[in-house]
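Whole structure, please, built from the sequences with the hints as guidance.
4 protein chains.
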Amino acid sequence: MTVKQNVRTDLALEEKEKFDSDQVEVKGVVLEENYNEKTEIRITRVEIETEKGAKSMGKPVGTYLTLEAGNMPEPDEDYHREISKEIAKCIGELIDKIKAEEGKSEIAALIVGLGNRKVTPDALGPFVVDNLSVNRHIIKEYGKYAMNLSSANSLSALVPGVMGQTGMETLEIVRGVVEETHPDVVIAIDALAARNSRRLNRTVQITDTGISPGSGVGNHRNGLNIESLGVPVIAIGIPTVVDAVTIVNDTMENLVHALEGSKTLKSMGSILKSYTNTEKQELIRELIAPHLNGLFVTPKDIDETMKQVSYTLSESLNLLFANETRI
Amino acid sequence: MTVKQNVRTDLALEEKEKFDSDQVEVKGVVLEENYNEKTEIRITRVEIETEKGAKSMGKPVGTYLTLEAGNMPEPDEDYHREISKEIAKCIGELIDKIKAEEGKSEIAALIVGLGNRKVTPDALGPFVVDNLSVNRHIIKEYGKYAMNLSSANSLSALVPGVMGQTGMETLEIVRGVVEETHPDVVIAIDALAARNSRRLNRTVQITDTGISPGSGVGNHRNGLNIESLGVPVIAIGIPTVVDAVTIVNDTMENLVHALEGSKTLKSMGSILKSYTNTEKQELIRELIAPHLNGLFVTPKDIDETMKQVSYTLSESLNLLFANETRI
Amino acid sequence: MTVKQNVRTDLALEEKEKFDSDQVEVKGVVLEENYNEKTEIRITRVEIETEKGAKSMGKPVGTYLTLEAGNMPEPDEDYHREISKEIAKCIGELIDKIKAEEGKSEIAALIVGLGNRKVTPDALGPFVVDNLSVNRHIIKEYGKYAMNLSSANSLSALVPGVMGQTGMETLEIVRGVVEETHPDVVIAIDALAARNSRRLNRTVQITDTGISPGSGVGNHRNGLNIESLGVPVIAIGIPTVVDAVTIVNDTMENLVHALEGSKTLKSMGSILKSYTNTEKQELIRELIAPHLNGLFVTPKDIDETMKQVSYTLSESLNLLFANETRI
Amino acid sequence: MTVKQNVRTDLALEEKEKFDSDQVEVKGVVLEENYNEKTEIRITRVEIETEKGAKSMGKPVGTYLTLEAGNMPEPDEDYHREISKEIAKCIGELIDKIKAEEGKSEIAALIVGLGNRKVTPDALGPFVVDNLSVNRHIIKEYGKYAMNLSSANSLSALVPGVMGQTGMETLEIVRGVVEETHPDVVIAIDALAARNSRRLNRTVQITDTGISPGSGVGNHRNGLNIESLGVPVIAIGIPTVVDAVTIVNDTMENLVHALEGSKTLKSMGSILKSYTNTEKQELIRELIAPHLNGLFVTPKDIDETMKQVSYTLSESLNLLFANETRI
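Residue numbers (the numbering used here), protein chains in the order written: chain A, 1 to 327; chain B, 1 to 327; chain C, 1 to 327; chain D, 1 to 327.
Source of the hints: derived by calculation from the structure; they are not laboratory data. Keep in mind that a hint or two might mislead.
You can't tell identical chains apart in this list, so a pair holds if it fits in one copy or across any two.
The list that follows gives simulated cross-link-like pairs (lysine-lysine, DSSO-like), each with its CA atoms no further than 27 Å apart [stated by the list, open to error]:
(1) K118 - K89
(2) K300 - K55
(3) K307 - K118
(4) K38 - K118
(5) K307 - K85
(6) K118 - K300
(7) K144 - K104
(8) K27 - K118
(9) K27 - K99
Remember, it's a predicted structure, so these values are computed and weren't measured experimentally.
Structure below.
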């Protein structure tokens with residue numbers, strides 16, 4: 001059934017899963033999965049290699065690393081440092097590629113915390129920036145030798161706000177700051193919408209393709225990428241919401257499975273299957289209550305969870321760039 | 001179809017609507033509706049008059065006033081004072097009944113702000129208390145004449161917290177404070193779960209039956225009522241969430257309507273109708289994804305909305321008890 | 001006595017008062033005072049007209065309007081709209097001068113909320129921006145006619161953060177955004193340090209000279225002005241702290257007055273007067289406890305007060321630019 | 001000089017120091033100091049043994065343990081667990097005394113977080129409670145054996161709010177809850193006023209005398225102690241402010257020292273010394289600016305510091321009572 005294609009997800013992994021469940025092979029897209037039994041962390045690599053693959057997936061060509069850690073939203077004394085380290089490795093891989101391409105041994109990164117600080121499930125970016133150990137100003141003032149380092153990455157950070165608060169496109173603000181401060185790479189942090197509620201606050205997507213237009217909880221109007229900013233953009237996202245309409249789609253899918261699997265209901269399943277696409281579309285349209293638009297599904301403890309996962313992510317960036325850790 | 005009975009709602013109005021849609025008359029329950037075209041505020045009175053009615057409704061005998069104001073969650077310069085006034089009238093009606101019963105011309109009220117300040121959609125109670133103009137301590141110290149009043153209601157307020165934060169039942173805390181400070185009435189404020197997402201943050205339920213066990217976003221374990229506290233308890237609630245499983249139920253109901261209404265799908269509708277209850281239950285069980293438990297549907301701007309509606313409600317109580325207004 | 005010169009103030013008015021108390025006339029500086037008995041608002045205009053005046057005052061040539069309203073920090077239902085209107089008039093005067101100079105009938109303003117959101121007495125700028133009705137994006141998308149306006153000022157806003165959070169100079173961020181979005185004027189909002197604790201949260205300084213290096217609660221390293229940004233900069237500040245060392249200076253001044261005024265102590269006063277400047281400096285150095293550095297004097301209710309005064313100031317800007325008001 | 005006696009401090013240690021600097025011995029008061037060079041933590045024990053000592057000190061008979069740790073307000077990854085452990089030992093000593101007196105091997109403690117959550121330097125108590133691992137409800141529901149413990153202390157917690165928010169005396173609320181839930185001991189947490197700005201956020205006072213009337217940043221009207229509550233009360237306080245008038249006193253004291261120590265000013269010093277007490281009092285009265293009342297001296301980073309020190313203190317209580325730690 002084609003229902004699934006209508007459902008929004010910002011995760012390349014979930015986009016790929018749609019095809020998998022239909023047992024369709026997607027040309028130009030390679031998937032590789034890696035599960036660490038000790039840390040219970042699963043890392044999935046989706047490589048979109050061709051424009052054809054990009055078109056099928058609705059996402060740009062590039063590398064998408066997805067880290068899944070079931071216990072990430074749970075309280076933990078050191079904010080799951082073991083997860084922070086794995087995230088740092090994934091980001092490090094993409095950073096190393098940029099270093100190699102640009103022939104640099106040290107790199108200046110500008111972290112951009114996207115989203116709205118006042119809307120809890122959209123506040124991931126601002127919260128992550130709140131806990132970074134920026135050091136660009138220190139290196140600029142005293143030099144890296146003053147920090148007893150022979151080589152030092154430099155970290156700066158910006159919370160641009162959202163258009164409804166600033167009257168400006170996020171792209172305008174970030175582009176202005178990039179042109180003024182010349183980072184080697186922009187790392188954009190954003191809260192995402194997932195398709196599967198099981199992924200909420202348990203999944204980190206890291207990609208070298210930047211931020212796509214229309215993505216994120218706050219629906220960015222313009223992309224942030226090497227074309228629009230002039231420097232490579234790594235995007236890091238954590239799904240914090242599921243669109244309420246997604247739940248309706250899930251129910252429909254479950255219905256189809258139920259009808260097919262159940263003895264008593266099988267006759268109805270075969271009727272459903274015999275419907276034309278137009279008939280199916282009609283059915284779905286009627287099922288989606290108009291008042292679900294603008295509604296999100298989140299866990300009840302979203303305030304606490306956002307604090308927890310943003311610390312875990314800040315720590316990854318501090319490990320990678322600040323050569324030290326702080327609270 | 002009996003699906004609806006499984007869905008949780010804290011609103012007596014929605015409980016009543018379930019029966020209405022099945023065109024079943026509920027003995028011992030009277031409903032009266034009043035729509036003010038000028039203010040666009042609808043007030044519905046549900047009187048549960050008999051124990052039989054209470055059993056059918058799953059709610060105690062008493063008066064349930066429900067005020068619906070479509071624009072309540074929208075930003076407004078004076079936090080919708082026109083709505084505050086209508087809410088104050090509804091509360092005033094129940095207060096006057098208590099005054100008459102107890103033969104008092106002035107009344108000491110203890111407002112109890114239930115819920116968890118750290119969980120935004122559960123924070124209605126604490127937020128309302130934050131904006132109250134309490135005066136019990138002033139009246140106690142200087143007397144009502146010092147305030148140039150010949151008669152003065154007295155207002156005190158408590159945020160007891162939730163059991164996970166306090167290690168105590170809310171009932172234990174409130175009972176202790178009631179026994180120590182002797183209010184004439186307790187007014188408990190709580191965030192509710194609705195059935196219909198259109199009601200979120202647009203509806204205020206005011207009842208003289210107190211807080212029922214298991215109700216509220218935070219699911220109170222014990223009731224707060226005249227039996228447990230020894231003084232009359234008025235409960236005021238605003239629905240701030242819909243349980244995610246409710247959305248699945250809504251989808252099912254819409255499916256039934258769609259099947260019945262659509263020419264092409266009518267045959268399927270008649271099949272569904274021919275199913276036994278057991279067959280239907282099986283279908284529903286399979287449709288509800290297990291991961292929806294603990295998930296809530298809320299509007300994206302819940303942080304801002306909670307601030308807005310809590311001000312509107314505080315203002316009602318200030319109008320009624322504090323004989324003055326403040327910010 | 002020259003003690004006073006050592007004391008920091010960001011208010012031109014207080015700088016001028018130092019000279020007044022010594023009955024010294026400052027060449028190139030004109031002061032004009034205006035008290036409205038009805039609103040109880042005092043507006044003082046300090047015009048620094050010459051470079052010589054600028055040097056004496058330690059502040060750049062330009063217009064400094066200071067509005068004093070004793071009840072500004074007090075709770076008020078509409079956040080002192082009467083004060084908002086007066087502030088709007090003062091800002092409007094400086095805006096009109098810029099319009100005249102640039103030959104424009106409508107103006108695009110970028111509000112820059114300086115300071116640290118996480119340090120309450122430094123959070124004025126961010127808090128003001130939180131409550132602005134920005135409209136640049138709406139005008140840009142739909143045009144001013146869509147808003148039923150024949151002429152419309154445009155409002156955008158930025159919270160750049162502080163260097164310790166961003167690793168970037170505020171100037172770098174603002175300059176980048178100005179170059180990208182081309183406002184006609186930048187209006188920088190900042191929390192100030194006053195000399196006199198009576199002025200805390202009761203005074204608004206509005207100047208067309210921009211932000212001076214070293215000013216503000218957060219001590220800006222670089223100035224924000226027409227030279228550094230390429231567009232005129234209006235600075236609006238409210239004093240929210242007094243440096244703790246200022247209190248010591250005040251005590252010394254009071255001591256001198258006490259010694260001079262009191263019969264019993266007069267002999268000591270005359271001794272003090274006979275001291276050389278070196279002797280006086282020595283005395284003062286010893287009086288200032290080293291642990292006072294980094295300490296601020298603020299009212300106890302600073303959290304509530306910051307909320308209150310930031311609303312009053314936001315409202316001025318909304319009145320002037322947004323052609324509408326919101327909460 | 002008697003200036004010092006006028007200055008407010010909530011620390012018994014500072015009260016004692018006043019006498020020490022005058023080299024006066026206080027009968028009935030014993031002081032014992034202990035400095036750990038490894039942890040750099042100083043613990044001072046002041047025992048007020050007799051009513052005469054209590055009168056001299058202006059504090060009730062009992063044990064006052066003061067822990068000073070210079071780095072407590074500094075950011076730290078595990079919120080200074082080494083300090084938490086030392087604080088836990090001090091509290092444990094007083095708890096053991098209560099256990100011995102009451103012949104109990106396990107104890108039920110009610111933590112009361114005094115102060116105003118909305119006034120940052122007064123929010124110590126509420127912030128500490130926010131991070132406690134309460135367990136009374138778990139032990140009550142499942143028993144200590146379910147927790148795999150043969151003996152378990154029980155922890156509950158309350159944030160009563162302040163009178164201006166509740167309309168009730170803190171004592172009324174706490175007494176009601178104590179009578180309803182029967183703890184063996186109440187532990188009251190409160191922000192204090194210190195005399196010496198060097199002590200701010202670096203000092204923890206732990207006493208078995210409860211909370212005195214008039215103490216704390218919020219100036220409690222009634223005491224919380226065994227007389228008013230019927231159970232022993234341990235009070236834990238951290239100084240977060242210095243009254244602004246204290247700074248004036250310090251300046252005066254420094255002036256006296258300066259006058260005595262300096263060659264050039266010695267003559268003035270001897271004049272001051274020759275003054276009568278009346279003359280001195282007159283001098284001081286004139287030096288204290290009336291607008292300093294209600295003003296506090298705090299460090300600029302008070303918001304961050306309060307978070308830091310409240311975590312350190314929560315952790316002590318979790319170590320002692322919750323038999324586990326959490327974030």
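How the hints compare with the structure:
no., hint, verdict
1, K118 - K89, "neither (31 Å within a copy, 31 Å between copies)"
2, K300 - K55, "neither (36 Å within a copy, 30 Å between copies)"
3, K307 - K118, "both (13 Å within a copy, 11 Å between copies)"
4, K38 - K118, "neither (37 Å within a copy, 33 Å between copies)"
5, K307 - K85, "both (18 Å within a copy, 26 Å between copies)"
6, K118 - K300, "both (17 Å within a copy, 10 Å between copies)"
7, K144 - K104, "within (16 Å within a copy, 48 Å between copies)"
8, K27 - K118, "neither (41 Å within a copy, 47 Å between copies)"
9, K27 - K99, "neither (29 Å within a copy, 59 Å between copies)"
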